[in-house]
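All chains should be built: construct the whole structure from the sequences, respecting the hints.
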Amino acid sequence: MSDPRPTDSAADSPEGPGRPEASGPAEASDPSEGPDPSETPGHRDRAVALARLVRPAFLGPAVATAAVGGLLAPAPAGPVLVGHALAVGLAVYAAHLRDALVDRFRRGEEPPGGTTPRLLRRAFVAASLAFWAVVAGLWWTVGPVAALAVGPLWALAALHAPHLDVTPVGSATDYAVGVALALVGGYALQTGALAPDVLAVAAALGLALVAVTVSVDALDAAFDRQIGKQTVPVALGAAAADRLAATLFLAAGATVAVAVAAGALPWGALAAAAVCPASAAAVFARPRRRSVLAQMASLYPLAALLVAPVCLAGDAACGGILRLLV
Numbered sequence: 001m002s003d004p005r006p007t008d009s010a011a012d013s014p015e016g017p018g019r020p021e022a023s024g025p026a027e028a029s030d031p032s033e034g035p036d037p038s039e040t041p042g043h044r045d046r047a048v049a050l051a052r053l054v055r056p057a058f059l060g061p062a063v064a065t066a067a068v069g070g071l072l073a074p075a076p077a078g079p080v081l082v083g084h085a086l087a088v089g090l091a092v093y094a095a096h097l098r099d100a101l102v103d104r105f106r107r108g109e110e111p112p113g114g115t116t117p118r119l120l121r122r123a124f125v126a127a128s129l130a131f132w133a134v135v136a137g138l139w140w141t142v143g144p145v146a147a148l149a150v151g152p153l154w155a156l157a158a159l160h161a162p163h164l165d166v167t168p169v170g171s172a173t174d175y176a177v178g179v180a181l182a183l184v185g186g187y188a189l190q191t192g193a194l195a196p197d198v199l200a201v202a203a204a205l206g207l208a209l210v211a212v213t214v215s216v217d218a219l220d221a222a223f224d225r226q227i228g229k230q231t232v233p234v235a236l237g238a239a240a241a242d243r244l245a246a247t248l249f250l251a252a253g254a255t256v257a258v259a260v261a262a263g264a265l266p267w268g269a270l271a272a273a274a275v276c277p278a279s280a281a282a283v284f285a286r287p288r289r290r291s292v293l294a295q296m297a298s299l300y301p302l303a304a305l306l307v308a309p310v311c312l313a314g315d316a317a318c319g320g321i322l323r324l325l326v
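For the sequence shown, the positions run 1 to 326 when UniProt numbering is used.
Worth flagging that the hints you see were computed from the coordinates, not collected in a lab. Ideal Cβ placement from N, Cα and C applies to all residues, glycine included. Watch out, some of these pointers could steer you wrong.
Said to hold, decoys possible - Simulated restraints on C-beta separations: (1) D315 with R289: 40 to 50 angstroms; (2) A75 with G42: 39 to 49 angstroms; (3) A147 with P56: 23 to 33 angstroms; (4) A64 with A136: 16 to 26 angstroms; (5) A274 with A313: 24 to 34 angstroms; (6) A238 with G137: 23 to 33 angstroms; (7) P111 with P56: 12 to 22 angstroms; (8) A75 with A136: 15 to 25 angstroms; (9) G314 with R46: 26 to 36 angstroms; (10) G192 with V48: 37 to 47 angstroms.
Below you can see the structure in the form of structure tokens.
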């Protein structure tokens with residue numbers, strides 16, 4: 001799972017700032033000389049390099065969504081909530097490690113950043129083992145629903161690069177699917193069931209996240225085309241990708257409206273639906289980078305206006321928290 005966000009590349013440049021320029025093969029060194037001790041990373045350097053791959057902008061929203069899912073339950077168990085949030089965080093970090101391995105050492109999209117392929121592979125294995133250890137603990141606590149609610153997140157992490165991120169559907173949906181699963185899984189682990197309001201919130205947020213991801217991918221379309229990544233903007237073209245992103249935002253709003261009409265969401269959630277047309281309009285604003293930032297910013301009021309009415313309408317634990325705050 002990887003988070004949609006603006007990258008350092010320019011929309012009108014094949015490489016853009018931060019993209020490595022093409023160069024010839026590196027000059028071979030004399031094997032008899034051995035590695036330069038001053039250039040060999042130590043334990044601290046390796047730890048710092050791996051810590052840089054945590055990337056809170058990716059991990060934070062996913063972990064927060066997992067916590068919100070648990071707090072939508074009437075009486076959430078603290079250890080289960082924390083364990084689920086930890087599992088989600090480990091899955092996101094594992095995806096970052098896979099992404100770094102592929103982007104740095106296969107595609108040449110990024111500099112090594114103090115890492116090596118071996119270090120990244122070992123770190124991915126360690127993160128995966130930690131993830132499954134947490135899943136085992138959740139299974140012990142709440143039963144096999146833990147594997148169903150959390151297990152797919154690791155599959156998304158392991159397949160993100162170089163598989164999902166080179167197809168239009170995979171590159172656009174993997175992070176959104178992961179966030180939706182984090183929300184639904186957080187609730188399911190606490191209650192052992194699914195609820196229509198939680199599913200409606202997950203669906204609306206997922207559609208909006210896919211829309212933002214499509215717009216973010218447009219920033220890197222020229223470079224992605226060079227390295228064979230078939231993102232939506234590469235496959236459809238910039239104009240069609242913009243229309244798709246706007247349509248997805250409108251579909252998110254329609255999902256909220258239909259859920260309210262069906263009684264799955266409280267009437268107060270209609271305020272969230274009103275955000276979606278503004279997000280759709282922002283897709284066509286220029287310059288493109290500011291358009292993407294505006295779309296990303298719109299996700300926060302959308303999420304808040306979706307979740308708050310659900311919290312306050314029933315006996316969810318988050319309702320009590322909100323009442324204390326207001």
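Hint check:
Under the hint 40 to 50 angstroms, the C-beta atoms of D315 and R289, about 43 angstroms apart, fit the expected range. In this structure the hint that A75 and G42 lie 39 to 49 angstroms apart at CB holds, the actual value being about 48 angstroms. Range check, A147 to P56: about 27 angstroms between beta-carbon atoms, so the 23 to 33 angstroms window is met. Checked against the given bound of 16 to 26 angstroms, the beta carbons of A64 and A136, roughly 24 angstroms apart, stay inside it.
Separated by about 18 angstroms at the C-beta atoms, A274 and A313 break the suggested range of 24 to 34 angstroms. At roughly 46 angstroms, the beta-carbon separation of A238 and G137 lies outside the given 23 to 33 angstroms, and the hint is violated. For P111 paired with P56, a C-beta distance near 21 angstroms keeps the hint of 12 to 22 angstroms intact. One distance hint, 15 to 25 angstroms for the beta-carbon pair A75 and A136, holds here, with the actual separation near 24 angstroms.
Taken as a hint, the range 26 to 36 angstroms is violated for the pair G314 and R46, whose Cβ atoms sit roughly 48 angstroms apart. Checked against the hint of 37 to 47 angstroms, the C-beta distance between G192 and V48 comes to roughly 42 angstroms, which is consistent with it.
Against the hints set out earlier in the document, violations occur for numbers 5, 6 and 9.
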